[in-house]
Each structure stands twice: as C-alpha cells, then as structure tokens.
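Trainee: Since each chain sits alone in its own frame, please combine them into the complex, following the hints.
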Amino acid sequence: MGFRDSLFGRTKQVAPQLDNLFALPSASLSLETQLDLVTSGQAGLCFKAGSGADEIQTDAQVLALLNFDEKDSSVTVQTDDLGFKWLVITDPDLENLVTRIHGANAEMVENNLGPRLLCCVFGFVPKTPPGDGAVRMVYLMKQGTWYPFAPKGDNDRDNELELRVRSFIGTDLPFEKDLSRWMALYNLPVA
Amino acid sequence: MPKSTIEADHGLSVRMFMTGLGLVVLYAILMTVLIRLGVGVGFVAVIGAVMLFSQYYFSDKIAMFSMHAKEVTPEQEPRLHEIVDRLCLLANMEKPRVGVAEMDIPNAFATGRSPSHAVVCATRGIMARLNDEELEAVLAHELSHVAHRDVAVMTIASGVGMLAGLLSRMAMWGAMLGGGGNSRGGNNNNGGGNIVLLEMATMLISMVVYVIAFLLTMALSRYRELAADRSGAILIGKPSVLASALVHVTGDMGRIPRTDLRKAESMNSFFFAPALSGGSAASLFSTHPSLEKRLDALAKLEKELNG
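As given, the protein sequences belong to chains E and A, one line each in that order.
Our numbering applies: residue 16 is where the first sequence begins, and numbers increase by one.
Our numbering applies: residue 378 is where the second sequence begins, and numbers increase by one.
Just chain A, with the same shape it has in the complex (with noise of 0.2 Å):
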C-alpha cells in the first residue's frame, strides 16, 4: 500500500504500544518462570502456534461460516460493491472480496490473512438501517481494518493468552490424573507430591497470565478500533457521517428489528410460550469501545478537520 497521507494519532500510538509491549513483557515472564520450574513448554508452544496459524491463515473461512456470510458478486449486489470500488480507489488499495450475512442484527466485519486475502462483510440488517453514505463510513472503517493488517495483529497479541490457557488445562489434567503418573516427561524426578505441587503452581501462574494477557488483548483491540474509526472517518473525510452510523446500529436503535412480527421466525414465540426474555447484559471485557468514546474521538476529528 502507498505510504498514506492520514495523520497518525499520536496519543492512540503510543497506548497501542504500550499495551503491546506489555504483552510482550508478559510473554517474556511467563516462558522465564515456567522453564524454571522445569516444565516442558516447548510441546505446548507448538501446539498453541499452530492453533493460532491456522486462526489466522483460515481467518477468512472461519468468519464467514460463523456468521453465514456468503460471497457476493457486483450483479447480485450492486449498491456494496459501488461503494467498495469507490472506496478502494479513493484510498488506492486493493478491492477485497465482499460479503453479505443474511441476518437482522446490524454488523459488518472484515477479516482476512492480509490484504490480497481479505473479505469485507455487511448483514442484510446493517444495509437495512442505513443510508448510502452511512454504509459508505461503515464500509471504510472495515477497509481501515484490512489496510492495518487488524487480523495478524490481533492474531499475534492473542498468542501469549492462548498459550497460557492452553498451559493451565494440560496443568489441570496433568494434576488431575496424578502425581504419580509417568504421563509427563520432566526433569524433575523428585516424589510425586513434588509433581502435584508443580502442576497446581503451573496452572495458577497460566492462569493469572491468562486474565492478564486477555484485558491486555482487549484493550489493544479497542485502540485498532479507534484507529480504524479515525481512518475510516478520514478516507471519507465526514466523521459525522460515521458517528451517525454508529448510532444507528449500536445500542437501542440497533436492536429494535426490521423483521415483520408476521414473518418472524421465530413465529413460535409468539404463537406458543413466551421465550425468556434475553436480557442483553454489556459485556464488560468488550473488544469494543464504548460508542460515548468513539462519538467523543470523531467529534474531535471532525473539529479537527475543519479546524
């Protein structure tokens, strides 16, 4: 991609590398402590690196069967690959392959190993709910993803807290079936009761690590959030319009459905017993930020833009 014009953030900067850095020091102690209590990392380090390859090589597949998405073409939908191209063009990258999920909850996403992988992806609800220039700030916040390489990042930033987990549970069942087993290859051949000390003191310190590398992982996935915003605001050069976006999807607006009552399916509910209710709790580790933050970020953009 051509170097691009869009002004860096500084303070954004500097927060997504701190949070990086963290991890990384986090990585550092984890892998120190553990080789000094003598367990075999390196088994498990391989497993959880090709977990988290092969995340990152299918992410595209992944995601789209997980959200029913489907490929497009431009003659089936004609309106999102316009505003694609245009897009693209506006900001001199790649066109990616684009997407549509046949669901009501307003979403988009856009995923992918890198760029020349990457697929962009709007829910029937979304192009629902919003207008042509609404859709458009969306679609350049996903863009702003695919040209940030969101996915290895986030890919990478989530290793130390995969490796963790996967660590606490072979800890657990390692303690669970026994001191005494000859399951476990080691250099410590002391007494049993040593074995089962040392697997319960794996999996507290995994598990710490674990919590901590995940707020960590979440934070930084909130900062690529803002940045892709701020981006994505830029290219179109309107952060209104994204911030009216956002309000339309997010929150109260967001829920309330475009579904007819006569063609829901879930026609059941309504026919035959209540459903219970689902009430939405926030969920509080969110990988996104508050929408209160991210208006606040594009109104500030927005001055300073016109300022």
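Extracted from the complex, chain E is given alone in its bound form (with noise of 0.2 Å):
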C-alpha cells in the first residue's frame, strides 16, 4: 500500500498471481522420488463466496462461469463449514489438474471475482499404499507462493513432514519463505 493510501485508509484489492501455478508439475518429480508422494488425482480452488446483483449464488452459476458441462462429473462444488466454496476437480493426470485450475482462475479474474480466491490446493498421497502421510500443496493467490500442509487428525497437522516437503522442493518452487503464513486447512473436501 502506498503512502496516500495509508492516509486515506484505502486498501487495493489485489489481484492474484497464477504464473507460479506451473512450477508444480516439475516439483511433483522430486516429490515422487524423494518422498513417495503422487497426486491424488484431485485439486481444488477455494474462494469466499460473495454477495450482490453481479455475484455467483449458486453453485450451477459457478459452473456456469467457469464453462463447465454441469453433466461433466469431475468438476464439482462444494461450501465448506466455514462457508467457502471450493471447486474441486478430479482428474488422474497433474498437468491436466494445474491447466484446468489455472483456466477456472484466469476465468474468475476475468469476471472480477480475482480478489475473492484464496488459495489453490493439490493433494498428494503416498504412492506404495497403505501410508499415511497425505499431503497438501497449498497455492496463495495473493502472494503467488507454494506451502505445503500435512494434516494429522481433525485439528492438527505433521509439520515434520511439512518441513521435509520443503528441504526436498523448497529450490524447485517458489515457497513461502514466511512461515507465519503456513496456515492451516482442516477437514478441506479436497482429498
């Protein structure tokens, strides 16, 4: 914020960052060689659903707008219990997962809804099954940054394997240096 807008108590709304989103394909090789985690074969894009003439309010306008087929079945959407909707899409291949993410993004931009996203999230599990330890690659929008987040139970989180995340890809994408910003995202319908 600028010096005049601290005077005039006026904040920006600001728009999200997407390039970043395509560093994670790249990434995900470390991730599987290193860790043993592959994606899960689904990502979501969280956003605060808001209200007014030119809002979405239901979740077929969501579709909708984001020229999704409402009879195509990987694309769904959900409201979570803290009242975020999420646009969760299934789809086996990671590529595929980050262009379509990054074009329901680039289409929310485009319809003014940019400053409403809050984060992009990619699950990855463990390859060799049965194991424990799935994680999530957490994408801030508004700082274009990655972290990843481990969730352990209803309430609480693995931030061993959370660092070890970072020690092994920490180079390959652009991390949240900040670890304040690390926060969580308990029960989150993406799997």
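Heads up, none of these hints are tricks.
What follows is a list of derived Cβ distance ranges for each label pair: (1) E/G168 x A/A422: 53 to 59 Å; (2) E/G24 x A/R501: 29 to 35 Å; (3) A/A426 x E/D96: 55 to 61 Å; (4) E/G24 x A/L581: 41 to 47 Å; (5) A/R501 x E/D96: 19 to 25 Å; (6) A/A505 x E/Q93: 22 to 28 Å; (7) A/K447 x E/D169: 21 to 27 Å; (8) E/P141 x A/K447: 38 to 44 Å; (9) E/E125 x A/R501: 39 to 45 Å; (10) A/A505 x E/K192: 20 to 26 Å; (11) A/L466 x E/D147: 36 to 42 Å; (12) A/E681 x E/T143: 38 to 44 Å; (13) A/R456 x E/G118: 46 to 52 Å; (14) A/D462 x E/N170: 23 to 29 Å.
Please keep in mind that the hints were generated in silico from the structure rather than gathered at the bench.
Where a beta carbon is used, it is the ideal one built from N, C-alpha and C, also for glycine.
Mentor: Written as structure tokens, this is what we have:
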C-alpha cells in the first residue's frame, strides 16, 4: 500500500498471481522420487462467496461461469463448514489438473472475482499404500507462493513432514518463506 | 520448600555466581564514580528502586496482562490443571495459579513475586502443539522457575542496568536544558560549562554501564533458563521429552501456525494487499540460550541419569 492509501485509509484489492502455478508439475517429480508422494488426482480452488447482483449465487452459476459442463462429473462445487466455496476437480493427470485450475482462476479473474480467490490446493498421497502422510500443496493466490499442509487428525498437522517437503522441493517451487503464513486448512474437501 | 534431592550442576552454579558478582562490582563502580563526580544519586536510586519494586511486586499481573492471559479453573482446563497438580505433588511445592493465553504462538511462562503468588501460564498454541507428556515437561520447566524464585533474582539483577539507564536519561535532559539552569542541586557550583561537561560524563558512563549490565543480565537469564531446563527434566525424569518439546515449539516448527487459513484473524492480508513479510531476525542479545545449547545440556543430563 502506498503512502496516500494509508493516509486515506484505502485498501487496494490485489490481483492474484497465477504464473507460479505451473511450477508444480516439475516439482512433483522430486516429490515422487524423494518422498514417494504422487498426485491424489484431485485439486481444489477455494474462494469466498460474496453477495450482490453480479455475484455467483448457486453452484450451477459457478460452473456456468467457468464454462464447465454441469454433467461433467469430474468437477463439483462444494461449500465447506466455514462458508467457503470449493471448486473441486478430479483428474488423474497432474498437468491437466494444473491447467484446469489455472483456467478456472483466469476465468474468475476475468469476471472480476479475482480478489475473492483464497488459495488452490493440490492433493498428494503416498504412492505405495497403505501409507499415511498425505500432503496438500497449497498455493496462496495473492502471494504467488506455495507451502505444504499435512493434516494429522481433525485439527492437528504434521510439521515434520511439512518441513521435509520444503527441504526437498523448496528450491523447485516459489515457496512461502514466512512460516507464519503456512496456515492450516482443516477438513478441506480435496482428497 | 523442602530441600530438593536434585543434584546441582556445579559449572552452571559457578557461572551464575560469577555473573552475579560482575553485576555487583559494576554497581559499586557506578556508585563510586558518580559520587566522585558529585552527582545527586539518591533521588535517582529511589526512583529506580520504586520502579523495580513495583515491577517485582506486580510481576504476575503485568505478565498476565501483557500476554492477554486469563486465570482458568480446573473445570475450564482439566488437562492443564491435572498436569500441574501432579507436578506439584511430585516436587512437593505449593500449587500456583494456572492461566491460559489465547494465542497461537507456542509459549509458556511462570511469574509472580513468590511461590505463593506464582502463576503458571500456557498459550493455546503450545497446548495444541504438544502431547501431554511434552506439555508436562514444559510446565515442569516453568515450575522450576517458580521454585528458583527467578522473578526475584532477575529483578534484582536488572537493577543496575535500570539505574544506569535512568541516570543517562536524566543527564541527557539536564545537558539539554542547559548548564545555566538551576534545576539541579549539587555541590558543584562552578561555571555553567562545567555542569554541562559533568552531565555529558554522567551520560557517557551511565550508557557504558547500562550496556555491560544489560549483557550480564541476559547472560544470567540464559543460565537461569538452563538451570530450569535441568530441574524440570530431572523432575519428570525424562530429559529427552523436554528436548522433544523444545524442538516442537522453537525454531521453524514453532512458527508454523495451527490457525486455519479461512479463519485467520489477519484475513485482510489474504484478500487485500500482502502485508510486509516479517523477516524474524533472531535477537542478538537473547534472554534464552540457543536451542542447540539447551538440547546439548539435556542430552548430557540424559546420559548422567541413565549412566
């Protein structure tokens, strides 16, 4: 924020940064070789539903807005218990997931909904089952940075695993350097 | 408190004693020099003493207030109370009051002017991050602070620094108000120039003393932390559990939040302009020893206990 914005108490809404999304597929190679983690085949886009005439009210409207076919079962819209909307895409190929999430993002931005975007989440699971220690790679739209989130139970997280992920792919991805921004996302609808 | 069976770490005791001795010597030097210079020390000393005493006397209230901590009953926090109860029985000490601070930063502290006025406090963040055993280790460390009367010790230790700080500030005002002023009584009735010079000298000496006293106080605080680590670990009998708790709450792991992104209080920063990214610089003059030092000491203790 500039000096005049501070002086007049204005906040500028920030456009999301989408470019760093495409760094994920190449980083996922290290995830697989080093940590035995592969894509779960699901990715999600989290945004805050607003109110107002030009806003999206129903899940069908969201899908229509983003040019997704309502009959396409690989895309669903869900509302979580905190009132945030999730666009969940299922696709076994990570590159496809990234492309489709990016497309959905770009569409939101075009419809002036960019400031409402909170984060994108890509699910990763251990390749050789049965394994616990699933990791979600979270992409902060406003910062354009990544961080891992490894839920453990309903409201705890596995910090050791998260820091291990950073030590292996921290240089491949634009990682969020400020650890206090590695917020949790409990009970998220993305597997 | 009954005499504890815990064996003292002689090296640590010696270092603590030397640091304390250094502070006393420094205090004596400061007083002598100032009296030689003819500065009216009495007034300053009284102010310093009053400030120190209130800081000491109200230490529990000040700390609880600044950490936004509230005292809790056993009904509100059964887990925390149960652990404290057990530890106090084990250590044969009076049970302090128990408090909780609603913040995500993992931390715990103990304060209060005497064991009977003590309060032990944990943040919500530390309770979420640690399992029962680790939380017990952290509380044992805090109870050791209570048993060691660390509030009293550190208050007295910071006395010299505080006095020097006060003096330098007053000397600065004195010099700024000009040498011709009649504001200061003293036995120095020479020309105005001399008084300014005197004020400058007082300020300089006080500042140097303040820095040395500050460093010594910090060193003493680090030794007290190591001592509390040691007693706490011996009390629960498992230094490794305290070590594991330290690893979980300090450094990188301690900074990763438990708060949900969607519930984050600083939600604005995610929807509006990114806030300044806080590069958390490790403070050079830390009141706590480094994690490595504490872990080393605990590993050594583990060997002693098992060997």
